[in-house]
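J.: Residue strings, one per chain:
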Amino acid sequence: MARMTMIQAIRSAMENAMERDDNVVVFGEDVGFFGGVFRCTQGLQEKFGPQRCFDSPINESGIVGAAVGMAAYGLRPCVEIQFADYVYPGYDQIASEASRIRYRSRNDFTVPMVVRMPSGGGIFGGQTHSQSPEALFAHISGIKTVIPSNPYDAKGMLIASIEDDDPVMFLEPKRLYNGPFDGHHDRPVTPWSKHELGEVPDAHYTVPLGKAAVRREGADVTILAYGTMVYVAEAAVKETGIDAEIIDLRTILPLDMETIEASVAKTGRCVIVHEATKTCGFGAELMAVVMEGCFYHLQAPVIRVTGYDTPYPHAHEWEYFPGPKRVGDALRKVMEAA
Amino acid sequence: MSPDKLNGGDKALSLYVPEPEFRPGDTPNFSDVPIPKAGAAPRPDIDVEAGDVRDLAYTIIRVLNRDGKAVGPWAGLLSDDQLKVGLEDMLRVRAFDARMLMAQRQGKTSFYMQALGEEAIACAFQKALQPGDMNFPTYRQQGLLLSTDYPVVDMMNQIYSNAADPLLGRQLPILYSSKENGFFTVSGNLATQFIQGVGWAMASAIKGDTKIAASWIGDGSTAESDFHSALVFASTYRAPVVMNIVNNQWAISTFQGIARGKAATFASRGLGFGIPALRVDGNDYLAVYAVSKWAVDRARAGHGPTLIEHVTYRVGGHSTSDDPSVYRPKEESSAWPLGDPIERLKNHLIANGVWSQAQHVQARERIEIDIAEAQKLAEKNGTLHDGPHSTPASMFDDVYKEMPLHLRRQRQEAGV
Numbered sequence: 001m002a003r004m005t006m007i008q009a010i011r012s013a014m015e016n017a018m019e020r021d022d023n024v025v026v027f028g029e030d031v032g033f034f035g036g037v038f039r040c041t042q043g044l045q046e047k048f049g050p051q052r053c054f055d056s057p058i059n060e061s062g063i064v065g066a067a068v069g070m071a072a073y074g075l076r077p078c079v080e081i082q083f084a085d086y087v088y089p090g091y092d093q094i095a096s097e098a099s100r101i102r103y104r105s106r107n108d109f110t111v112p113m114v115v116r117m118p119s120g121g122g123i124f125g126g127q128t129h130s131q132s133p134e135a136l137f138a139h140i141s142g143i144k145t146v147i148p149s150n151p152y153d154a155k156g157m158l159i160a161s162i163e164d165d166d167p168v169m170f171l172e173p174k175r176l177y178n179g180p181f182d183g184h185h186d187r188p189v190t191p192w193s194k195h196e197l198g199e200v201p202d203a204h205y206t207v208p209l210g211k212a213a214v215r216r217e218g219a220d221v222t223i224l225a226y227g228t229m230v231y232v233a234e235a236a237v238k239e240t241g242i243d244a245e246i247i248d249l250r251t252i253l254p255l256d257m258e259t260i261e262a263s264v265a266k267t268g269r270c271v272i273v274h275e276a277t278k279t280c281g282f283g284a285e286l287m288a289v290v291m292e293g294c295f296y297h298l299q300a301p302v303i304r305v306t307g308y309d310t311p312y313p314h315a316h317e318w319e320y321f322p323g324p325k326r327v328g329d330a331l332r333k334v335m336e337a338a
Numbered sequence: 001m002s003p004d005k006l007n008g009g010d011k012a013l014s015l016y017v018p019e020p021e022f023r024p025g026d027t028p029n030f031s032d033v034p035i036p037k038a039g040a041a042p043r044p045d046i047d048v049e050a051g052d053v054r055d056l057a058y059t060i061i062r063v064l065n066r067d068g069k070a071v072g073p074w075a076g077l078l079s080d081d082q083l084k085v086g087l088e089d090m091l092r093v094r095a096f097d098a099r100m101l102m103a104q105r106q107g108k109t110s111f112y113m114q115a116l117g118e119e120a121i122a123c124a125f126q127k128a129l130q131p132g133d134m135n136f137p138t139y140r141q142q143g144l145l146l147s148t149d150y151p152v153v154d155m156m157n158q159i160y161s162n163a164a165d166p167l168l169g170r171q172l173p174i175l176y177s178s179k180e181n182g183f184f185t186v187s188g189n190l191a192t193q194f195i196q197g198v199g200w201a202m203a204s205a206i207k208g209d210t211k212i213a214a215s216w217i218g219d220g221s222t223a224e225s226d227f228h229s230a231l232v233f234a235s236t237y238r239a240p241v242v243m244n245i246v247n248n249q250w251a252i253s254t255f256q257g258i259a260r261g262k263a264a265t266f267a268s269r270g271l272g273f274g275i276p277a278l279r280v281d282g283n284d285y286l287a288v289y290a291v292s293k294w295a296v297d298r299a300r301a302g303h304g305p306t307l308i309e310h311v312t313y314r315v316g317g318h319s320t321s322d323d324p325s326v327y328r329p330k331e332e333s334s335a336w337p338l339g340d341p342i343e344r345l346k347n348h349l350i351a352n353g354v355w356s357q358a359q360h361v362q363a364r365e366r367i368e369i370d371i372a373e374a375q376k377l378a379e380k381n382g383t384l385h386d387g388p389h390s391t392p393a394s395m396f397d398d399v400y401k402e403m404p405l406h407l408r409r410q411r412q413e414a415g416v
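From first to last, the protein sequence lines are chains A and B.
Under this note's numbering, the final residue of the first sequence carries the number 338; numbering is consecutive throughout.
Under this note's numbering, the final residue of the second sequence carries the number 416; numbering is consecutive throughout.
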C-alpha cells in the first residue's frame with residue numbers, strides 16, 4: 001500500500017495492466033518518451049518499450065480509429081487524448097464505430113478499448129482545456145463512461161476499464177490530479193497523501209464499473225455528483241450543516257440507477273451537481289431518472305447546479321465553476337420547499 | 001472599396017467550382033483521358049522508396065493489351081486455371097448483383113448496391129491475400145466475400161434481414177461481417193475503416209505476427225479526414241497495410257473532380273507521406289492482381305504501406321436510391337475507355353486458347369442458376385417486408401457484452 005496522487009494511481013493502473021497482459025498498449029500525443037503532459041504515462045515506454053507505449057501524430061480521429069482497429073485485432077489499447085476538449089475529431093470513431101462494432105457485427109468483432117482524457121476546469125485552461133463532455137458520451141449506446149473522483153477509484157476503475165470487453169471513455173477530472181479540490185480556490189488543497197482515498201495498493205485490483213459509491217450517508221437530501229463535484233458537495237454539506245447523502249456516481253453509463261432510486265426514495269429530496277453546461281447536460285438525464293423512479297417520494301422540486309451554458313471563460317473561472325456556495329444555496333432551497 | 005479596386009484593381013475574385021465534362025444530353029468523349037500502353041509501366045522491387053517510383057502514381061499500370069494478350073513486367077503471375085477461377089468469381093458477383101438488384105425492385109429488401117463494371121478489383125485483390133489477413137472494405141467490395149467460400153445464401157439472408165440473417169437484421173443490406181473470411185464489419189459511415197485497417201495492421205506488427213490488413217475507400221471519400229489520418233499513421237509506423245482507393249469516377253452524383261479538382265491523381269497523395277503509390281487499370285484483372293500482390297508482399301515483408309488507386313468506372317447507380325441518368329449521360333459508361341473487366345478477361349483466356357465463347361456462356365448460365373437457387377433458399381428464411389425476422393428481443397442484445405440495467409428495463413417496457 002502506498003500514498004498516491006491520482007496521476008500516480010493512473011500510471012500504476014496502466015503499469016499493472018501492461019505487466020499482466022501483453023495486449024495492453026498505450027499511445028497518444030506526447031505519451032511516450034516524455035510521459036504525457038500530465039505525466040500519467042511517465043516511465044511506461046522505458047519499462048515496456050516503444051512498441052507498447054509510443055507517441056502518436058496530432059490526430060485524434062487517427063488515435064481513436066487506429067485503436068479501434070487494434071482492439072478488433074485483439075489488443076487492448078488504452079489511448080490518451082491530451083485534453084477532453086480535443087476529443088471531437090475522434091468522436092465519429094467513438095460514436096459511429098467503436099460503440100457499434102459489437103452490435104453491428106453480432107460479436108464477430110469487438111472493441112476492448114479505453115480512451116483516457118483529462119476533463120473539467122479549475123486550472124485556468126480557458127474554453128479549450130476545461131470542458132466536461134461526458135454527456136456527449138453518455139448519449140451513445142455501446143460505450144461506457146467513467147469519471148473517478150479519487151486515486152483509489154482511478155486505479156481500480158482504469159484497470160477494470162482496460163479489462164472490460166467494451167469501449168470505455170475514461171474522464172479524469174484534472175483538478176483532482178493532485179488533491180481533493182473542493183472549489184475553495186483561495187485555500188490550499190489537501191494533498192492526496194493526507195486523504196484516505198489516496199491510499200492505493202501497488203498491486204493489481206479492480207473497482208467495478210457501473211457501481212456508484214455513497215460518500216456520505218444522510219437523511220434529508222440526496223446529492224448526485226461525480227468527479228470534482230464530490231468534494232464541492234462535501235464542502236457545501238459541511239458549511240450548511242444539512243444532513244445530505246452524497247452519491248459519487250463514478251460511472252455515468254451504465255448508471256447505477258438502483259443506488260440513486262434507493263437514496264432519493266429515502267431522503268425525498270435531490271440536488272444534482274456537475275461542472276458541465278446545463279442544457280442537455282448529464283444532470284438532465286439524472287433528473288429524468290429521479291422523476292421516473294422517485295416522483296411520489298419527492299418533497300421538493302429537484303435542483304441542478306451546473307456550469308452555465310457558455311464556453312468556459314478564462315478570467316471568470318470561479319464565477320463559472322459551480323462552487324460550494326452555489327451548491328449550499330441549492331441545498332438550502334431544496335430544504336425550504338414544503 | 002468598389003469591386004474593381006479589389007485585387008490590385010484587376011477584378012473581383014470568383015470561386016472555381018469544378019464541373020464534370022459531360023452532363024445528360026452531352027455526348028461523352030474520353031479521348032483526352034491518357035490510357036498508357038499495356039506493359040509499359042516498370043515493375044520495381046518491393047522494398048522501393050516512394051520517391052523512386054513517383055511515375056507509377058501518375059500512369060496506369062496495365063497488363064492486358066487490345067488483343068487480349070498479357071504483356072510487360074506485371075504479366076505472368078497467374079495460371080490459366082487461376083484466371084478461370086477469377087473469371088467465374090467476377091461472373092458470380094455480376095449475377096449476384098443482378099439478382100439482388102431485382103429483389104430490391106420487387107420490394108424484397110430496402111436497398112442494394114451493385115459493383116457493376118468494377119468486379120475485377122475486389123475479386124483479384126482477394127486472391128493476393130492469405131488466410132488471416134483482414135480487409136476493411138466499403139460497401140462495394142462484395143467481390144471480396146464472393147471470391148472466398150463465404151456462403152452466398154448467408155449474404156442474401158443478410159440482404160433480406162430475414163430469420164437466418166447472421167447479423168440478426170441489425171444492418172442495412174450489404175453491410176456484411178465475416179472475421180473468418182477476412183471481411184471487417186462494413187460501416188456505412190465513409191472512410192472510418194481506412195484508419196481502422198491501419199490500426200489493425202499496426203497491431204499485427206506490435207504482436208510480431210505475419211498478418212497484413214487491406215483498407216478500402218472510394219474516390220469521393222478520400223476527401224474525409226480519416227483518409228489523411230490513415231496515411232499519416234501508416235506512414236509514421238510503416239504499418240503492414242495495403243490502402244486501396246477505388247476511383248470509379250462518381251460519388252453518388254458528384255464527380256471525382258470535387259474530391260481533388262484536376263490537380264493530381266488520387267494515388268499521388270501517397271507520395272507526400274513517402275508511401276509508394278501505384279495507379280492501376282481497375283478493369284484489368286491481371287493488372288489488379290499483380291499490383292495487389294506486389295503491395296501485399298511488400299507489407300508482409302515489413303517494407304510498409306502501399307497506396308493503390310484502382311481506376312475504374314461505376315457503371316450502375318450509386319445504389320438503388322439514385323438514377324444516374326439524371327446527373328450523367330447514359331452513354332458515359334460505354335464511352336469510358338477501360339472496357340468491361342469480364343469481357344477483357346474472357347477475351348484474354350480465349351486468346352490464350354483455353355476458353356471459348358461457348359464455355360463462357362455455359363459458365364455464366366451455371367453461375368446464374370447457382371445464384372437463383374441460393375436466392376430461393378434465402379427466401380425460405382424470409383424477406384424484409386414479409387418476414388420472418390430475428391426476434392425483436394434480440395435488438396437489445398450485444399449493445400454491450402453484458403446487458404446493463406437500463407437496457408433490461410427498456411426491453412421489459414418493450415414487452416419483447
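Hints were generated in silico from the structure; no laboratory data involved.
Please read these numbers as outputs of a predicted model, since none were measured by experiment.
It is possible that some hints are incorrect.
Unchecked claim - List of simulated lysine to aspartate or glutamate pairs, DMTMM-like, C-alpha gap at most 25 Å:
| hint | chain 1 | residue 1 | chain 2 | residue 2 |
| --- | --- | --- | --- | --- |
| 1 | B | K179 | A | E46 |
| 2 | B | K401 | A | E46 |
| 3 | B | K262 | A | E46 |
| 4 | B | K179 | A | E285 |
| 5 | B | K207 | A | D22 |
| 6 | A | K47 | B | D397 |
| 7 | A | K194 | A | E15 |
| 8 | B | K179 | A | E15 |
| 9 | B | K179 | A | D108 |
| 10 | B | K401 | A | D22 |
| 11 | B | K207 | A | E285 |
| 12 | B | K380 | A | E163 |
| 13 | B | K207 | A | D186 |
| 14 | B | K330 | A | D108 |
| 15 | B | K127 | A | D108 |
| 16 | A | K211 | B | D397 |
| 17 | B | K179 | A | D21 |
| 18 | B | K401 | A | D92 |
J.: Now tell me if each hint is right for this structure.
T.: Against the structure, the hints come out as follows:
The suggested pairing of K179 of chain B with E46 of chain A is violated, with an alpha-carbon distance near 35 Å, which exceeds 25 Å. Among the hinted pairs, K401 of chain B with E46 of chain A is inconsistent with the structure: their alpha-carbon atoms are about 34 Å apart, more than 25 Å. Restraint check for K262 of chain B and E46 of chain A: not satisfied, since their Cα atoms lie roughly 48 Å apart, outside the 25 Å limit. Taking the CA atoms of K179 of chain B and E285 of chain A, the gap is about 37 Å. The hint is violated against a cut of 25 Å.
Annotation: proposed proximity of K207 of chain B to D22 of chain A holds, straight-line Cα distance about 9 Å (limit 25 Å). The hinted pair formed by K47 of chain A and D397 of chain B fails the criterion: a straight-line CA distance of about 40 Å is larger than 25 Å. Between K194 of chain A and E15 of chain A the alpha-carbon distance is near 24 Å, which keeps this suggested pair within the 25 Å criterion. The suggested pairing of K179 of chain B with E15 of chain A is violated, with an alpha-carbon distance near 31 Å, which exceeds 25 Å.
Between K179 of chain B and D108 of chain A, the direct Cα distance comes to roughly 6 Å. Compliance with the 25 Å bound is thereby established for this hinted pair. A hinted pair counts as satisfied when its Cα atoms are at most 25 Å apart, and K401 of chain B with D22 of chain A qualifies at roughly 22 Å. The suggested pairing of K207 of chain B with E285 of chain A is violated, with an alpha-carbon distance near 42 Å, which exceeds 25 Å. Taking the CA atoms of K380 of chain B and E163 of chain A, the gap is near 42 Å; set against the 25 Å cutoff, the hint is violated.
A hinted pair counts as satisfied when its Cα atoms are at most 25 Å apart, and K207 of chain B with D186 of chain A does not qualify at roughly 50 Å. Using a Cα cut-off of 25 Å, the hinted pair K330 of chain B and D108 of chain A is violated, with the two alpha carbons roughly 41 Å apart. This hinted pair checks out: K127 of chain B and D108 of chain A have alpha carbons roughly 23 Å apart, not beyond 25 Å. Taking the CA atoms of K211 of chain A and D397 of chain B, the gap is about 21 Å. The hint holds against a cut of 25 Å.
Pair hint K179 of chain B plus D21 of chain A holds up; C-alpha atoms about 23 Å apart against a cutoff of 25 Å. For a cut-off of 25 Å, the pair hint linking K401 of chain B to D92 of chain A stands: about 21 Å separates their Cα positions.
When held up to the earlier numbered hints, the structure conflicts with 1, 2, 3, 4, 6, 8, 11, 12, 13, 14 and fits the remainder.
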